[in-house]
Amino acid sequence: MKKFVIIGIISVAVIGICYAYLIFVGQLRFNYPDKDEFPIVGIDISHHQGKMNWAALRTEDISFVIIKATEGVDYKDPRFNTNWTMSKQQGYKTGAYHFYRICKNGKEQAANFIATVPNEDNNLPPTIDLEFGGNCKTDKSKAQILEEVNEFLQILESHYNKKPIIYVTHEFYDDYLVDEFTEYPIWIRDIFKRPVLRDKRDWLIWQFANRAHLNGIDMYVDLNVLNGKSIDVLQ
1 MKKFVIIGII SVAVIGICYA YLIFVGQLRF NYPDKDEFPI VGIDISHHQG KMNWAALRTE
61 DISFVIIKAT EGVDYKDPRF NTNWTMSKQQ GYKTGAYHFY RICKNGKEQA ANFIATVPNE
121 DNNLPPTIDL EFGGNCKTDK SKAQILEEVN EFLQILESHY NKKPIIYVTH EFYDDYLVDE
181 FTEYPIWIRD IFKRPVLRDK RDWLIWQFAN RAHLNGIDMY VDLNVLNGKS IDVLQ
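Numbers 1 to 235, taken from full-length UniProt numbering, label the letters of the sequence shown in order.
Just to be clear, a hint being listed does not mean it is correct.
[Said to hold, decoys possible] The calculated label-pair distances, taken between Cβ atoms and stated as ranges, are:
hint : residue 1 : residue 2 : range
1    : Arg201    : Ser158    : 38 to 44 Å
2    : Glu171    : Pro39     : 27 to 33 Å
3    : Lys200    : Asn53     : 39 to 45 Å
[As the list claims (entries may be wrong)] As a list, the in silico DSSO-like pairs of lysine-lysine whose alpha-carbon atoms are at most 27 Å apart:
hint : residue 1 : residue 2
4    : Lys35     : Lys88
5    : Lys104    : Lys142
6    : Lys76     : Lys104
Hints were generated in silico from the structure; no laboratory data involved.
Every residue, glycine too, gets a C-beta built ideally from N, C-alpha and C.
Could you put together the complete structure from these sequences and hints?
Laid out in structure tokens, this is it:
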């Protein structure tokens, strides 16, 4: 009996390791959104995806692309111009995002984004990326951070004449955004389950996977679905 117990434990452990490996390499994932409920799929990209084969990407069921443009007060993604041009040439609904540094000035970060991203009528709304991962330490209070984020949002909304989208993780949302900026659409990251925000607020975009494989992209890429059945809700 003891022998069979040991064999069972080893078998379960091997299966668990194999499952974890398949998740790690992107062959399996936790989320598979229903295609009838969420028919509009998009990706977000940066220089981390490297040089892309945009013609090959057209074989995938992708409707929109949101591209990293800037970070902080002076960083510009080195592949932004190429990605922006190619995405539009391929006919994708195209937008740009800014990785917000909480230790930097909000107004100066808005200026960096505006200097980089063209103001074109067919753009998707600009996006601010709010998360702790990869961010900087700061002595600013919560109130100060929210004040500067608000200034960033107001400047972009005035310039592009579109309400910016707020991309956020659950951790950042719970610490800073519960019942804040309720007039702005939310793009939530949740690679484990269908997202439910702490204050039960609706979300516009769900980033449901972070290690997807797509034709035309050699590196892992994030997958997102729109909370709606028409791309027009993004406009």
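Please test the hint of 39 to 45 Å on the beta carbon pair from Lys200 and Asn53. holds (41 Å)
Below or equal to 27 Å on CA atoms is what counts here, so check Lys104 against Lys142. Status holds; Cα separation ~14 Å.
Arg201 versus Ser158 beta-carbon gap, inside 38 to 44 Å or not: violated (24 Å)
Using the beta carbons of Glu171 and Pro39, state whether their distance is inside 27 to 33 Å or not. At 29 Å between Cβs, range holds.
Regarding the pair Lys35 and Lys88, is the alpha-carbon distance no greater than 27 Å? holds (25 Å)
Taking 27 Å as the top limit, are the C-alpha atoms of Lys76 and Lys104 close enough? Answer holds: Lys76 to Lys104 is near 15 Å, not above 27 Å.
In the structure shown, a violation is registered for the earlier hint numbered 1 alone.
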